[in-house]
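**Student:** First to last, the protein sequences are chains A and B.
Be aware that the first sequence starts at 1, since it is given in the working numbering, and climbs by one per residue.
Be aware that the second sequence starts at 1, since it is given in the working numbering, and climbs by one per residue.
FYI, nobody ran anything at the bench for these hints, they're computed from the structure.
Glycine included, each C-beta is placed from N, C-alpha and C at the ideal position.
Heads up, a few of these hints could be off.
Stretch by stretch, here's where chain A covers chain B in the computed footprint (C-beta under 8 Å, at least three residues) [as the list claims (entries may be wrong)]: (1) 111-119; (2) 124-132; (3) 192-204.
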Amino acid sequence: MTAMDTAGSDTAAPGARFEDRARSQLAKKHLPLVIGRATDTREGRRRAAFSSLDGPGLRRAAEAVRAYTIVNLPDYLSRFADAAEAKGTKVFFADDAEDAVGYVRQVVSAHGARLIAKGKSMASEEIGLSHALEADGLRVVETDLGEYIVQLAGDPPSHITAPAVHMSRGDVARLFTSAHGLAEPLPDDPAGLTAFARAHLREVFLGADVGICGVNFAVADSGSLSLVTNEGNGRLVTSMPKVLIAIMGMERIVPSFKELGLLLPMLVASASGRAVTTYFSFVNGPRLPSEVDGPDEVHVVVLDNGRSQILSTEFRSILHCIRCGACQNVCPVYRHVGGHGYGSVYGGPIGAVLTPLLVGFERAGDLPHASSLCGACSEVCPVGIPLHEHLLGLRREVAAAGAPVSERAVFGLWSRVWERARVYRWFASMSRVAQAPFARGRRIRHAPWPLGRWTRERDLPAVARRTFRERWSER
Amino acid sequence: MDRTAFLGRARRRLQGVGGPGLVTSFPATPASGTDASPERFLAALRAVNGEGLLVARVALRDAIATALIADDGGQAQDMKRSAVVTPDVSDFAAEIDAALSDAGFEVVRPATGQEWREHASMAAVGITSALLGVASTGSVLIGSDANSPRAASILPETHLVILPVNRLVPGLEEALETVAALATTHSAPFLVTGPSRTSDIEMEMVLGAHGPRRLYVCLVE
Chain A
1 MTAMDTAGSD
11 TAAPGARFED
21 RARSQLAKKH
31 LPLVIGRATD
41 TREGRRRAAF
51 SSLDGPGLRR
61 AAEAVRAYTI
71 VNLPDYLSRF
81 ADAAEAKGTK
91 VFFADDAEDA
101 VGYVRQVVSA
111 HGARLIAKGK
121 SMASEEIGLS
131 HALEADGLRV
141 VETDLGEYIV
151 QLAGDPPSHI
161 TAPAVHMSRG
171 DVARLFTSAH
181 GLAEPLPDDP
191 AGLTAFARAH
201 LREVFLGADV
211 GICGVNFAVA
221 DSGSLSLVTN
231 EGNGRLVTSM
241 PKVLIAIMGM
251 ERIVPSFKEL
261 GLLLPMLVAS
271 ASGRAVTTYF
281 SFVNGPRLPS
291 EVDGPDEVHV
301 VVLDNGRSQI
311 LSTEFRSILH
321 CIRCGACQNV
331 CPVYRHVGGH
341 GYGSVYGGPI
351 GAVLTPLLVG
361 FERAGDLPHA
371 SSLCGACSEV
381 CPVGIPLHEH
391 LLGLRREVAA
401 AGAPVSERAV
411 FGLWSRVWER
421 ARVYRWFASM
431 SRVAQAPFAR
441 GRRIRHAPWP
451 LGRWTRERDL
461 PAVARRTFRE
471 RWSER
Chain B
1 MDRTAFLGRA
11 RRRLQGVGGP
21 GLVTSFPATP
31 ASGTDASPER
41 FLAALRAVNG
51 EGLLVARVAL
61 RDAIATALIA
71 DDGGQAQDMK
81 RSAVVTPDVS
91 DFAAEIDAAL
101 SDAGFEVVRP
111 ATGQEWREHA
121 SMAAVGITSA
131 LLGVASTGSV
141 LIGSDANSPR
151 AASILPETHL
161 VILPVNRLVP
171 GLEEALETVA
181 ALATTHSAPF
191 LVTGPSRTSD
201 IEMEMVLGAH
211 GPRRLYVCLV
221 E
């Protein structure tokens, strides 16, 4: 079983193409506006945060730390596991989604759990954990407000740090009203809606048997976990239930707290422009005998799920990613189609690189094309991932793995035509004749096969009445 | 999957891959600090919607009472409300108890984890100390050990922190040195910067998402 099989509604069905998802996303006319506003704000704040600092120096340092850690990942993971286990945390190494979900199921059923409070975790989305546990009859409640909203709506998250960015306040008010079967519709003001969710989710925190959370960084030296939130749900999920299960991608390691001093502010400033979030929670292990509250059991699931095979490739630096979402905020494609266009947990440039590497070209080989290669993503990445170069590299690999026959035939013909001047001239004059029924002025808006797919999204410039060569020869 | 097999696979993938060593000095980050002044701390705290003031020990009682009465527009007298108080502020117990009585609050000092959870969920205020404050960001580090149960700082509507001013450090780096030193003695320290917040609905900022709606820090001289 792969990530995609367990992921339920959160991923596109095999065979669904980026092109089709993008078209249905583009039909939602309000979307580019909403996402544009949200992403512009974040990008503006990010720039302001670094404007008075040595931004390039910080990025070089952060990149160097991430690169060194990834190259030495097995050693650091080993050190992390030793340190965590010494304090009573149980560490499980999961090969794939099935392995990870299986372990969580086992822990949950050993405690006879019924209600699970869940903190934000991209890795758990990736392995379809909530869907799997719900299928077992458990009640799993997302507690990050944005995640709670998209869970009620039955949508996947649409942005790494702003999961419900695609919904309006009116959408949320209607959703809460119907999901909770209220007689009176809730007013559509964010403060009231937040208060409503707070009251409801407080019961979940206090009543949950198990808490499941993600991990922003895992500290190798001490076996500690570091979680970053603004709402406080991370703190509650890791403190209130008696059992805590943390899910982390195997690349989430930092050597020590010293590197956290660099990477935490880089993450937060790149995501929101602030220096720190409201809560930096650290989990050093289960409750100590002297302490009065906190979980009695802490489990950490370290997830491979396709990551280790990236280590030996030219794309290794994609594992530097600290999930800030800055690349999404500046991506012209993401800003138009939104996270759902990518049919994957990870949208935007990071998703367009990571998803095909994790799930294979067969399922996501078209995602590297969901980019204009403008390079804005690489420019803002706080850990120096050359995202647009990776996109180009992946396009090469996808093509090498087998482009469609029709595409190869067309380009083969094309190169032959261009090799010979006489054939080229003949082709140009024939095109002028052939385009006549389709050209309107200097543009072709709807071309026949095999160019039809091209003109569905954009215009094709018509061949000029007289070519440059023709005009030159008359001089 | 077996740990050895898991790590062995990654090791094989990385065979022959090298690179420069670990860098050990970094440029200043947005969270770095230059000095540990109370003015800087309070300015940073206010910038993230926190409240606070620098107060002499003799004026602490009044400062706490004023902060608590301001809590709900002065309606506190109408209704007996409760405050949970953690053991780490026992040095200031006299001032706290007097201030709570001035403001019309009932004082609760629970013992067991279950009691902490019940009382803190009902309490309007949780009063704790902090291991340190970060001047550059306006953050406080809550130890969360037996002297500062987790429930007290996260469940009540208001979190009031009483912090001796000599516990301020300049920036996040210094705070994390302390956090590193707590790794075996405290199961879950956390750094709090302002009241709980969310911007998940149309990017509009709302305070009090899950944690306290209000964070008030008394820096005691």
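**Student:** Evaluate each hint against the coordinates.
**Tutor:** For each hint, the structure was consulted:
1. 111-119: holds (count 5)
2. 124-132: violated (count 0)
3. 192-204: The restraint on the stretch 192-204 of chain B holds, since 13 of its residues have a Cβ under 8 Å from chain A and three suffice.
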